[in-house]
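**Student:** Letter by letter, the chains look like this.
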Amino acid sequence: MLINCVAYKDGHKLADIDVEAISDYVERGDCFVWVALRDAEPAELAKMQEEFGLHALAVEDASRGHQRPKIEEYGDSLFSVVKVVEQHNDELVVGEVDIFVGPNYVLSNRQNSRQDFLGVRARAEHEPHLLKQGPSFVLYALMDAVVDRYFPLVDAMESEMEALEERIFSKSAQRDNIERLYALKRKVMTLRHVVTPMLDAVGKLHGGRVPSICDATQDYFRDVQDHLFRISSSLDAIRDTIVTAIQVHLSMVALEEGEVNKRLAAWAAIFAVLTAWAGLWGMNFKSMPELDWKYGYPMALTLMFSTSYALYRRFRKAGWL
Amino acid sequence: MLINCVAYKDGHKLADIDVEAISDYVERGDCFVWVALRDAEPAELAKMQEEFGLHALAVEDASRGHQRPKIEEYGDSLFSVVKVVEQHNDELVVGEVDIFVGPNYVLSNRQNSRQDFLGVRARAEHEPHLLKQGPSFVLYALMDAVVDRYFPLVDAMESEMEALEERIFSKSAQRDNIERLYALKRKVMTLRHVVTPMLDAVGKLHGGRVPSICDATQDYFRDVQDHLFRISSSLDAIRDTIVTAIQVHLSMVALEEGEVNKRLAAWAAIFAVLTAWAGLWGMNFKSMPELDWKYGYPMALTLMFSTSYALYRRFRKAGWL
Amino acid sequence: MLINCVAYKDGHKLADIDVEAISDYVERGDCFVWVALRDAEPAELAKMQEEFGLHALAVEDASRGHQRPKIEEYGDSLFSVVKVVEQHNDELVVGEVDIFVGPNYVLSNRQNSRQDFLGVRARAEHEPHLLKQGPSFVLYALMDAVVDRYFPLVDAMESEMEALEERIFSKSAQRDNIERLYALKRKVMTLRHVVTPMLDAVGKLHGGRVPSICDATQDYFRDVQDHLFRISSSLDAIRDTIVTAIQVHLSMVALEEGEVNKRLAAWAAIFAVLTAWAGLWGMNFKSMPELDWKYGYPMALTLMFSTSYALYRRFRKAGWL
Amino acid sequence: MLINCVAYKDGHKLADIDVEAISDYVERGDCFVWVALRDAEPAELAKMQEEFGLHALAVEDASRGHQRPKIEEYGDSLFSVVKVVEQHNDELVVGEVDIFVGPNYVLSNRQNSRQDFLGVRARAEHEPHLLKQGPSFVLYALMDAVVDRYFPLVDAMESEMEALEERIFSKSAQRDNIERLYALKRKVMTLRHVVTPMLDAVGKLHGGRVPSICDATQDYFRDVQDHLFRISSSLDAIRDTIVTAIQVHLSMVALEEGEVNKRLAAWAAIFAVLTAWAGLWGMNFKSMPELDWKYGYPMALTLMFSTSYALYRRFRKAGWL
Amino acid sequence: MLINCVAYKDGHKLADIDVEAISDYVERGDCFVWVALRDAEPAELAKMQEEFGLHALAVEDASRGHQRPKIEEYGDSLFSVVKVVEQHNDELVVGEVDIFVGPNYVLSNRQNSRQDFLGVRARAEHEPHLLKQGPSFVLYALMDAVVDRYFPLVDAMESEMEALEERIFSKSAQRDNIERLYALKRKVMTLRHVVTPMLDAVGKLHGGRVPSICDATQDYFRDVQDHLFRISSSLDAIRDTIVTAIQVHLSMVALEEGEVNKRLAAWAAIFAVLTAWAGLWGMNFKSMPELDWKYGYPMALTLMFSTSYALYRRFRKAGWL
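Here the protein sequences line up with chains A, B, C, D and E, keeping their order. Letter by letter, the first sequence follows residues 1 to 321 of full-length UniProt numbering. Letter by letter, the second sequence follows residues 1 to 321 of full-length UniProt numbering. Letter by letter, the third sequence follows residues 1 to 321 of full-length UniProt numbering. Letter by letter, the fourth sequence follows residues 1 to 321 of full-length UniProt numbering. Letter by letter, the fifth sequence follows residues 1 to 321 of full-length UniProt numbering.
Derived by calculation from the structure, the hints in this document are not laboratory data. In this text the structure is predicted, and so the values were computed from the model without any measurement. Heads up, a few of these hints could be off.
You can't tell identical chains apart in this list, so a pair holds if it fits in one copy or across any two.
Stated by the list, open to error - Below, computed lysine-lysine pairings styled on DSBU-like, alpha-carbon distance capped at 35 Å:
| id | residue 1 | residue 2 |
| --- | --- | --- |
| 1 | 317 | 171 |
| 2 | 47 | 9 |
| 3 | 70 | 204 |
| 4 | 204 | 286 |
| 5 | 132 | 70 |
| 6 | 47 | 70 |
| 7 | 132 | 204 |
| 8 | 204 | 171 |
| 9 | 47 | 132 |
| 10 | 13 | 47 |
| 11 | 204 | 9 |
| 12 | 132 | 9 |
| 13 | 132 | 317 |
| 14 | 70 | 286 |
Looking at chain A on its own, in the form it has when it is part of the complex (with noise of 0.2 Å):
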């Protein structure tokens, strides 16, 4: 679905234009076309292959959809492919962005993701000095709301984590503590997924040898892999931190389980020596003096009372209790 197709020059919006126009102005030289497009149709792509003249490869990755994050020089044009994540009900969702830039035009096309990008063009037309740097300069704008958009998750990440730390040291909900610390694992996963191999690509874009569309530009794709970096490096310290976590819980289940042992161990040994107590006064003997006791009783009950206490204050002492 086409949802903007635009020509600028000098930073400034000139026309609205027709598709079909879109070939005409990419060759005038002295401007450049921003196309948007959305889940686009195979033939929608095709038509656009024919009036930009991308490259085969890339047309037929950006239509198989499920592309790694990359950056790929056709030429002297650029092929790239950036993943958007969004939360919906506590899944985390991988959605695409293929960008195709070349010398004199930009063609984006968003796939399988809700939240759109007006807001870059909104802002890019709002301040022609930087937009007059040309469509690397629109690459860097796409690039940098997408990777905007995954600091909230790592935030939402780092509040959870710290949330189960605070719970792993509590003996409550423990089933349930794992079973969250494994979800969160999981989408650590599927965010660094998305933000490592970006962070390769970009790494293509600035320093050494760089396609010559972003020459000018490099400080942006620095700065975009920078924010990479820092999202990647807090990953990597989730990661860590539930790695740790799993291993401190499963000794807290063991601990837990060693004292409710000794409990268990301490209340078998008080009623063992009570039950001893009992069956050694139920014998059937004939002579049993103490039986014939006036007090034999009182006397058995506070024996057994007093035997049972001192073991009770005794593994009390111990902590068993």
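We have chain A already, so just place chains B, C, D and E on it with the hints.
**Tutor:** Here is chains B, C, D and E on its own, set in the frame of chain A:
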């Protein structure tokens, strides 16, 4: 076993040719020969070595089989080993395709694999504008076909992983879960040991210094490598998830054991109290006044069951029962 | 908030100058200006940007804060972010110092940090032979001060680790130990996430291609990096030790549980034997000759206690009791 | 001990020569000398050093033994250490072959190894077209022979691993399994510590800058390295599998313990109920009407066994019994 | 404390010289000065800095101590820190040797180390053909002596590891084993943190770009690095083994616990049966015909012991007893 032996010119089939005639066509220089073998005998390979002038070490590797995936340069020709992986009855079976590529020929030998590559040839013959790029395009087409067959395997592994994840947190079939996690890990490792070296090998066919044969088809090989990257990162994700799942599994088992222990302890306590009361009044002291009371027995029963019930309530509240 | 604004010439203080006058001094070329800010407001930063001609992206990073440690080149000037870490009540608090360095100026902005850097300026002013090396020496002096403050944190972590190690092998306070190990791990990770990127960043200031400003002061930055390496390897050692300690802790808990189990089993056995004897003679069979014996009861007691004692000795020998 | 000392020209044996004559042949320039030693005495090595003009450090390494696998250049000659690994009685024994290669000579010294390399010489002498490539071909042939002897060891380890995998999931012989896993891990590590440095070393003999002696035989060394890669990745796979197997083993032990615990708990419950009933009617209250009923006893028995049976059925259904 | 101060020419000792005279000899250019200090005071170091013209940063590092092993270039001189490790009472004590090397001098300062390096000087003076290679040979000789002292430590660790391995699979002294494994891990890590940075540092003295002082002695430093590699890979092997051993230990503890549990369960079952029988016949029902039988009691005893024995046999067969 010889499957096909065809000469092509400008992307179009010239003729099915005789093995004897191969060297003539190879020497013509305006066409190329594409030979497909299957589980070739040493004699067949020797014949091919003679016709194509293959390098002795490459032929030795091909006749021995069980090589690592690799791409080796011998002068201006390439020797490439790729692995085909097929699922037979819940087992991954690894076969091999050895591909010799020279300026004017492609020779492939498929070993220990049920699936053929006739479709690759058919598709290539329908796209003469691509096929006329020569032997390196055929190499790409074969590799692409091999790699495309990895995707359904990875998808199946991901589904299996998801199925297992749901079961880890349920209490049933723990032993089966751990066996299936282990089996899945093995499969992931089998595929990884096929994909990782291939990733390195294909990386040599685009980017920096590239064998001269593949110079014009670099973008295709970058595409293959990109697919391999995608597979590789999916495999890494599954592998990482399995490791966590095994840890979590251990925690779940420990948790469940702890719960069983607590329940056991609770019931043991309840019955220990009952038994202690019964033991008390089972003693044979002469003078135990309560034994002679009229409502001694009902009173005793009430006491026994009310202490039991009080304990039961308390354990219930503590979550032990 | 402006803290200082001073111009230096040949290592000696020229004058405290007005913010307005900064650009005049910067343009003179024979002196340099060193400005220190604290938690600067956007307006202050904008003023500084104008006076020093700072790059927009760098200023944006500085005003947003929460950057990774980094050193970025913008033309012939540097933008550097270093992190200060302070311990407040058993928590590590991470602040930030943003440093802009140009051929004739240094501008530092300290954020979220209690400790000032007045000492750095004082020391520098007492060593004019060093200070006359210009802005890059100031950059070094600030970095060195920041890094020197990491050492006591690392020392405290090492002491904590040693204290914990002694406690792991004792039987007490296991739950507390594991909590403290976990908390220590968090601290180590916090510091590591500050040190590691800084290590990479400082590495760019000596050795290979070096920003021209730092050319003459390379040895100083090598020294800073060397300190960071030392901290980093200490942190790695602590981290590695914590991982092992958690594993060992789990082993110790399992061992102790095993010992409790054995003791429980031993006592249970002893009482089970007693109870069995008592049960035997508590049966109501008419004809049980031993019940009528004169010394039946003492004999029974002897038997009961001697079997118990024999068991006790045996368990003692086996190390269960 | 001297084993052979032969001069070769154009790939054909010239003559068995005297040790004294070595230097004469080495200086001729149109032939090369291939000497094989075994567990050479210092005196023999000193003699060889003199005849061949070997470097002092290399000779010192060779006489001390216990080197890491390595290939070192000394001027235009090479000193190579490779490790031979042999299985004696379920133990891996590591021996060493030190090889000195110069433009006109090869000197090998085999230490602490039972297997000889006579076959290598025999085969080389039967292939003069290969042998005439000179000393570097001999180096290749020796290395290839050494590496080929690693494969059966790896195969044996893989078989052992497969045998162990089947046993982990059975309930028997757990202690033996874990001991065998541990022993296997040791073997894998022994071989890995032989293979990994050799991989690095051989990598220097092909590809980038190559010692001039090996220039013409690069493809052969690439082949050796490829074999080493194959072994190395097999070893990594086994090692990875062992780690998982130990984890899984622990899970299996915990699971089995849990099952035993449940069964124990179930039986304990059944007997506790029985004992409670018996205790009830063993009390000595005067007025317990059911004791006087005619069918009191059979009724009691029925009650006791039916409650027990009901519990038994319930535990059976829950999978505890 | 000054230990020696000697001037050498052409590998032969010229004279023991005065500290004051050092600068004269250093300036002569045809000889070199080798000074050895021990735990030098700041004043001594300042004196040396003056005589030799040492770099301020290097002297500062040397006077502070506790540096990482490193080799740093300051103009045409080197500053090298190596660590000496000594075993005192089952503890590893880490000392330090700081070595300053210039074209005409070597200055070593040993700190916190009991062992001296007099032997190195003695040996060097007996080999003038080597010593005449100048200060870089002395640097090599000192490093070689330091590294040679690591080997017995590694050997002791390997022996300790082997001793521990045999004990893990026995059932005794589990707590002691885990403590010793932990202590061994600490020692391995101490040595590793000494060896790893030294490996990197020495690597800069041979191969690619080498400080001009060491140009002629590269092969020696390659030899030192090779020794360090050997030590490093041994340490890695021990470390890896310890990790596995701790895991295995946990498995063994769990296994043993499982066995104790089973035995406990078996005995509990046997006595529960006995107690149940006794409870049955201890009930006070009026009409219990078997109680009145003449052989009721012997029959009961027979029943009790035969059921117990049957259970005993069954548990024995199942391996629980």
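**Student:** Please go over all the hints and tell whether each is borne out by the structure.
**Tutor:** Results for each hint:
1. 317 - 171: Answer is both: 22 Å inside a copy and 14 Å across each meet the 35 Å cutoff.
2. 47 - 9: Both, since 23 Å and 32 Å are each at most 35 Å.
3. 70 - 204: both (10 Å within a copy, 18 Å between copies)
4. 204 - 286: Close neither inside one copy (100 Å) nor across copies (96 Å); limit 35 Å.
5. 132 - 70: both (25 Å within a copy, 29 Å between copies)
6. 47 - 70: Only inside one copy: residue 47 and residue 70 sit 23 Å apart there, 39 Å across copies, limit 35 Å.
7. 132 - 204: Answer is both: 23 Å inside a copy and 32 Å across each meet the 35 Å cutoff.
8. 204 - 171: neither (49 Å within a copy, 49 Å between copies)
9. 47 - 132: Both. Shortest intra-copy (27 Å) and inter-copy (26 Å) distances satisfy the 35 Å Cα cut-off.
10. 13 - 47: Both: 23 Å inside a chain and 32 Å across chains, each within 35 Å.
11. 204 - 9: Within one copy, since 28 Å is at most 35 Å while 39 Å is not.
12. 132 - 9: Within. Shortest intra-copy distance 7 Å satisfies the 35 Å Cα cut-off; inter-copy 41 Å does not.
13. 132 - 317: Neither: 79 Å inside a chain and 70 Å across chains, both beyond 35 Å.
14. 70 - 286: neither (95 Å within a copy, 91 Å between copies)
Hints 4, 8, 13 and 14, counting from the list given before, are not met by this structure.
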